[in-house]
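Novice: Now for the letters of each chain:
Protein chains: 2
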Amino acid sequence: MAQNIYDQDEFFNGYRRLSRQVTGLDSAPEWPALRAMLPPMPGARVIDLGCGFGWFCRWAREHGAAAVLGIDLSEKMLAQAQASPHDPAIRYQRGDLETLSLAPASCDLVYSSLTFHYIAALERLWAQVYAALIPGGSLVFSVEHPIYTAPSHPGWVVDEQGIKTWPVDSYQVEGPRSRTWYVPGVIKQHRLISTYVNLLICLGFTLTRLEEWGPTDAQINATPELAEEKERPMFFLVGAKKI
Amino acid sequence: MAQNIYDQDEFFNGYRRLSRQVTGLDSAPEWPALRAMLPPMPGARVIDLGCGFGWFCRWAREHGAAAVLGIDLSEKMLAQAQASPHDPAIRYQRGDLETLSLAPASCDLVYSSLTFHYIAALERLWAQVYAALIPGGSLVFSVEHPIYTAPSHPGWVVDEQGIKTWPVDSYQVEGPRSRTWYVPGVIKQHRLISTYVNLLICLGFTLTRLEEWGPTDAQINATPELAEEKERPMFFLVGAKKI
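Residue numbers (my numbering), protein chains in the order written: chain A, -6 to 236; chain B, -6 to 236.
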């Protein structure tokens, strides 16, 4: 079973105050790049893996999706998602992505934001995703970038010339990384970009776009603390299709 | 016109002593991974962009290629390539990859090892490559990995815990990097993995495999100094097809 940090009070009380959780998708700086990878929403049947508070589920419906299924492991997150005004075309379901089964040929888009890097059995899950998509269907997702997940001691270092750097080590050593994020012992899975991409190709997906996300100049002007994101990518975004 | 460091005596006298230049492909630790991406050689018409001393051209012929065209900017390299025993099916040609034209639908494989990160007009060159390939043809290449090319001051740093790290900065800032490699002022082009991949996709290529190369345990046992290559990837390998 997947680690469920979200239902620990200490974690949840920090996490729910993140701006992207309080005010939604537009507070996530990588959202415009991820949105640009999405297929047309009108009429689409959508699954959101790791839906959290349901921000994307509601966005998909507002943009014409016919039916949305949001899946998450966290009871607290799903409770908050279900506290939104009722929409009969959005269904929330508790599920463990390590063991989840999806109905074959049941949807046009599988979306997932910053969730897959917590999943150990990713090949199993993506095989379910591939089967769940109809031909022509899309998988669009973001994960933490491997440059961000690799280091044994992640963090910025200012060198003797005053340059802010992100020291990388252990890049080729894939597998779990234990991090402190509100609470100690949060387990993430470090994978190479090539591992993500080759896994998709081996399952039959065709890659349509990659982004190693960095802020635009306009985003840095509006939010100067984003400037450090130009030094190393934090997010890795992927668009893929079942042809 | 592309920078031609190879014909400077000082550079050439260092470069030609690299083990991969002296004893060929098997001295390049990433060669087994690159070779695994190649299509069958028997009968293939092959172009090698940045052929250097012609090691790959000769390998392709030894493995059944019908005709091989090796292109390089360096007169010294081509002179050494042509000093090998004559093979009428291998043709060496001096050419500048910044402005090269290739005959349309003329080949089955375009190969390039550690050359494209020197090219500024890469989109123009790859459009030529796409047109030169027949449907079903392959592009297989290696470049320096963006983690390797990004830093403003590249090099290993041992932190206070004794951990060897590769500090990354300027990752999102694509463009030229001036390096010292035998001589100062060697210009490389830093590009993101996503830039390489999206350019291929936009030109019509289908991605078949990526590798962020790292040494195998057997390679480290045989050559212990390769161990540091597990900390950060130096090479990025790509297989793509014209469907």
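By construction, these hints were calculated from the structure, which means they are not laboratory data. Using N, Cα and C, we set each Cβ at its ideal position, and we do this for glycine too. Just to be clear, a hint being listed does not mean it is correct.
Taking beta-carbon pairs under 8 angstroms as the criterion, some of the chain A residues facing chain B (in silico) [unchecked claim]:
| # | residue |
| --- | --- |
| 1 | Tyr85 |
| 2 | Asp89 |
| 3 | Lys157 |
| 4 | Ser163 |
| 5 | Gly168 |
| 6 | Val176 |
| 7 | Val179 |
| 8 | His183 |
| 9 | Ile186 |
| 10 | Glu204 |
| 11 | Glu205 |
| 12 | Arg225 |
Novice: Each of the hints needs a verdict: does it hold here or not?
Specialist: Hint check results:
no.: 1; hint: Tyr85; verdict: violated, 33 angstroms
no.: 2; hint: Asp89; verdict: violated, 29 angstroms
no.: 3; hint: Lys157; verdict: holds, 6 angstroms
no.: 4; hint: Ser163; verdict: holds, 6 angstroms
no.: 5; hint: Gly168; verdict: violated, 13 angstroms
no.: 6; hint: Val176; verdict: violated, 23 angstroms
no.: 7; hint: Val179; verdict: violated, 21 angstroms
no.: 8; hint: His183; verdict: violated, 12 angstroms
no.: 9; hint: Ile186; verdict: holds, 6 angstroms
no.: 10; hint: Glu204; verdict: holds, 5 angstroms
no.: 11; hint: Glu205; verdict: holds, 5 angstroms
no.: 12; hint: Arg225; verdict: holds, 5 angstroms
In this structure, the hints that do not hold are numbers 1, 2, 5, 6, 7, 8, in rising order.
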